[in-house]
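Peer 1: Given next are the chains, with one letter for each unit.
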Amino acid sequence: MNIDRESSESEAPAYHLILEGILILWIIRLLFSKTYKLQERSDLTEKEKEELIEEWQPEPLVPLVSKDHPSLNYDVVTGPPSHKIIVNGKECVNFASFNFLGLLESERVKLKALSSLKKYGVGTCGPRGFYGTFDVHLELEERLAKFMRTEEAIIYSYGFATIASAIPAYSKRGDIIFVDEAACFSIQKGLQASRSFIKYFKHNDMEDLERLLKEQEIEDQKNPRKAKVIRRFIVIEGLYINTADLCPLPELVKLKYKYKVRIFLEESMSFGVLGEHGRGVTEHFGVNIDDIDLISANMENALASIGGFCCGRSFVIDHQRLSGQGYCFSASLPPMLAAAAIEALNIMEEDPGLFRVLRDKCKHVHKALQGTPGLKVVGEPLAPALHLQLENSSGSRTDDLKLLRAIVDYVRYNNRSEAKGRKRCGRKKCTSNRDNHTLKRIVKQNPFKNVGEIHKEWTVAGVSASRTTTHRRMQDMGFSCRIPCVKPLLNNRQHQKRLASKRTGLLLSGPKLCSLMKVNFAFPLEIRVPESGGREERHTIHVA
Amino acid sequence: MTQNSASKLINGDALHRTKQDKKAGGNGFVKNHCLFQQKRHRRPAEKSHHASCTSLYKKPFVESFEETPLLVAVLTYMGYGILTIFGYLRDFLRDWKFEKCHLAREREEQKDFVPLYQDFENFYTRNLYMRIRDNWNRPICSVPGAKMDLLERVTPDYNWTFEHTGNVLKDVINMGSYNYLGFAENTGTCADAASECTVKYGVGVSSTRQEIGNLDKHEELEILVARFLGVESSMAFGMGFATNSMNIPALTGKGCLILSDELNHASLVLGARLSGSTIRVFKHNNMQSLEKLLRDAIVHGQPRTHRPWKKILILVEGIYSMEGSIVRLPEVIALKKKYKAYLYLDEAHSIGALGPRGRGVVDYFGLDPSDVDIMMGTFTKSFGAAGGYIGGKKELIDYLRLHSHSTVYATSMSPPIIQQIITSMKCIMGEDGSTLGQERLCQLSENTTYFRRRLHEMGFIIYGNNDSPVVPLMLYMPAKIGAFGREMLKRNIGTVVVGFPATPIIESRARFCVSAAHTREMLDKALNAISEVGDLLQLKYSRKNRHGNEGSDSFSFLESHQD
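Chains as they are written, first to last, in full-length UniProt numbering: chain A, 1 to 544; chain B, 1 to 563.
So that you can see chain A by itself, here it is in the shape it has in the complex (with noise of 0.2 Å):
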């Protein structure tokens, strides 16, 4: 003020002082009054309230199905799903089940089962913390670990929630998980419930995995003390139950110590398949079982019976006991089908020969079907679960499903095989040929409206795709149209997770379901399927 009063001598000081003092006042004023609100709020009143949960009508709770969806109606199998089955009234040859070992008809398992029902009854009724752990299921959990040559193993009581528990018990948020692109569905779902931050690589490509943990090395090297905290996994399939490929173990191992990243595999494929004994991948390749951080496989496989186990060392495995949310959480295994996987560990252990003739039949199915016109066989030679392809899809997933289930319902009609195929892998295409000319018209009608309005009535003439999907569909086709201006409402940020999020969708409704869809297929040449007899000859092979 003063400055002011000295620059300013020549003017009226009355004029100033009048202003200085309105100005005091204001700065009092200003200090002494409420803060402002930044957002004026505009309360509601209570009518408006209830107009408002009046007038509000929630979706329905599930959208209509329509009745005569392929997959509504599953199909029926009288009798036991062994060898020989009855599906939907007609007798077939199990192609289908994941029974690799013919352990699901062997009568030694049923009597043990038998036996320990007489001891035990069914049920637990009770998690394995309050008076749900079995004497049984202490010697399972000892006879795996024993067969798998490891510390200590873990057992579940659900096969798929065993790596959905596993991977969530040691990766939290800000961790950073590597997974191959075509990894299972039970892992899709532990990776979800970890909440980490999610990498993709491409399905068994080295390269891409060495160049997402080198860019994952050049970020830590820019915070050393954050990287000191972020724990690393890789999670891999030993053999891939969609596209059955094997894992390169021996690299992922390298790989593992060259950039200090901690293994987890999921054997359900490979384990009681692969390996002079059985014992999965690790065996098949050699590789000490110790490098490998986690290992684990569903006993409902190969073992024929229900369930999961992990295992690995003590160190990892132990942990799970208190923060597995599916073994601490769910009541445990039924005695009873511990007890049958017991038996059938006993049956693996007595006999390995059971793994070289189910590696030859495989061998042997794989080659045969070679050279099929208008299927081509996909996957290693040793994958118990084949997977056909069609050569040429017809563009259409719908076509191609169409094709395969009248190629299947050709074999079952002929008696010769109840068998599974994948489509092309990839992602599906949610608009049919028809679908586009109804596009096509509608654009035609009224060349000047937006993509949300055009969206709009596609979606009326029945038709569900995005938005999105509606704009590359006209460009497809050559026109070019308007987008609505939107206030983009994410930060770059929030985009990049939205579209990691995004990835992990595709993957799940992308090559999983076609992999897994029930989708079947002629043999024209003849499978020679002994007739049932010894415990070798009912082997069933998965062919998928």
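Quick caveat, the hints were computed from the structure, so don't treat them as lab data.
Please note: incorrect hints may appear among the correct ones.
As the list claims (entries may be wrong) - Result set (DSS-like, lysine-lysine): computed pairs, CA atoms no more than 25 Å apart in a straight line: (1) A:Lys172 to A:Lys258; (2) B:Lys200 to A:Lys119; (3) B:Lys426 to A:Lys497; (4) B:Lys283 to A:Lys49; (5) A:Lys47 to B:Lys337; (6) B:Lys340 to A:Lys49; (7) A:Lys49 to A:Lys84; (8) A:Lys49 to A:Lys67; (9) A:Lys226 to A:Lys199; (10) A:Lys254 to A:Lys202; (11) B:Lys100 to B:Lys59; (12) B:Lys100 to B:Lys111; (13) B:Lys111 to A:Lys172; (14) B:Lys111 to A:Lys258; (15) B:Lys292 to A:Lys47; (16) B:Lys59 to B:Lys254; (17) B:Lys292 to B:Lys340; (18) A:Lys67 to B:Lys393; (19) B:Lys170 to A:Lys118.
Mind docking chain B on chain A? Use the hints.
Peer 2: Just chain B now, kept in the frame of chain A:
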């Protein structure tokens, strides 16, 4: 006192209600917008809930959660404080190699990896849990029925490792298993049917429902379950936990809101998280809290964008396994109807254990099953088997058949397990031609009433509803968790003790599950032992009038605020 306008509306629709309110007073809206208004000025020291004389409840609904005595609370905190200090001391000694560390170690080759566990993650396990670890995972070697045999364990190194001596503790009274109707048996019709089924089908299936694992048994079970529940259609899954965690994501997604009770089971929480919906939590069994959330959700819509929610799903359980409380289902349904939300009812503990016909909490309140959109439950408990189900409208089940993850990706249920469920369920329904099921249901409710009454008379603080077979007995102090479990085992009674993190930190408790298989003698023996241990450990905290009637401090839920 409840006969006023507010209580009349409960059964009527919301529109009607608003009109009445308008008549009642010009701006009566401000106070009267809630369907359920609890008296605000209730006694703080007592959390006893009575809702006996309302139109919603046909019988008294008595639930009590006695306040923790202040001294006990202080001592409990002190207990944890001391344990933590000792924990740090021990960790310090272990670091300096004064004390031998029994924990499994990382491999030498992987020492320079990022540590798999953060140090504090294991602090609790190492220093608190390890002291009382012998109370959990006790291996049993018989049927988990009313009496069981336990393997004797000894520990040479303070619970770090256990050794089995080879001795068997015979005939321990089992107060821990969820064997509500006593169907965990190795003899009788259920076991016979299951063994027949094993011979015919074997134990595994090795395929999924959508592929080749859909046996005739599965179809039979699903039709039976639907009939049992009184719903149009149902679907069964191989694991109860997975039923929740894999089906909720199929029902809701982004843009949907899930309102979940704060004490919901981990599987519900996981399912809600996996679904990607927004989750909001309401106070345990508190209808005001739920209604407030519902109102706010509909009025304000989604955060930031303010678009209306696509749908709202309320997740509740029938009986809460740690509290022994029963969901206030009539009120939840009234709210759900008013606000057009959907209701997911997890009957893991209540199915079979509640209701005159054993059909769970819906039967208990005498409600219509079609008012509950999604009926979920497990076969593990009352049926003595394993797995879970979902029941509801045909459209819902059809949708789940296509979209539930477990039909496409998970192995289907084992045939003998299915057989056990079918036989036991038919027994409960009386379709086996005997009255055995009905007798068991009566026995269970009799046992529950007796057990709860006796414990209450002895002066223990017990939580939960008077009709719930889950009976939590409060222990509070960490040291008493271990002591109670061990002392009870010494007296040949197996109980479950629970502490943090399954309960709030100061509310450690013992939990008893009453079963229809318990005879009066067994219960008396157990009660005497509990009383004895209670005196020894000074657990009789209750300051309530032990023999008087509890109804004295009741209040009504439908009290209006117009006064």
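Peer 1: Is the straight-line distance between the alpha-carbon of Lys100 (chain B) and that of Lys59 (chain B) 25 Å or less?
Peer 2: violated (60 Å)
Peer 1: Are Lys226 (chain A) and Lys199 (chain A) close enough, with their CA atoms no more than 25 Å apart?
Peer 2: Distance of about 18 Å is within 25 Å: holds.
Peer 1: Quickly compare the C-alpha distance for Lys59 (chain B) and Lys254 (chain B) to 25 Å and report which way the hint goes.
Peer 2: violated (40 Å)
Peer 1: Regarding the pair Lys100 (chain B) and Lys111 (chain B), is the alpha-carbon distance no greater than 25 Å?
Peer 2: holds (19 Å)
Peer 1: Please work out if Lys111 (chain B) and Lys258 (chain A) have their alpha carbons no farther apart than 25 Å.
Peer 2: holds (13 Å)
Peer 1: Compare the distance between the alpha carbons of Lys340 (chain B) and Lys49 (chain A) with 25 Å, and conclude whether the hinted pair is satisfied.
Peer 2: holds (15 Å)
Peer 1: Verify the proposed pairing of Lys254 (chain A) with Lys202 (chain A), using a straight-line Cα cut of 25 Å.
Peer 2: holds (18 Å)
Peer 1: Could you grab the alpha-carbon distance between Lys283 (chain B) and Lys49 (chain A) and see if it respects the 25 Å cut-off?
Peer 2: holds (23 Å)
Peer 1: Between Lys67 (chain A) and Lys393 (chain B), is the straight-line Cα distance small enough, at 25 Å or below?
Peer 2: holds (14 Å)
Peer 1: Within 25 Å, alpha carbon to alpha carbon, are Lys200 (chain B) and Lys119 (chain A)?
Peer 2: holds (20 Å)
Peer 1: So if I understand the rule, the pair passes when the alpha-carbon distance is 25 Å or less; does Lys47 (chain A) with Lys337 (chain B) pass?
Peer 2: holds (19 Å)
Peer 1: Would the hint linking Lys292 (chain B) and Lys340 (chain B) be met if the CA-CA limit is 25 Å?
Peer 2: holds (14 Å)
Checked against the numbered hints listed earlier, the structure breaks hints 3, 7, 8, 11, 16; every other hint is satisfied.
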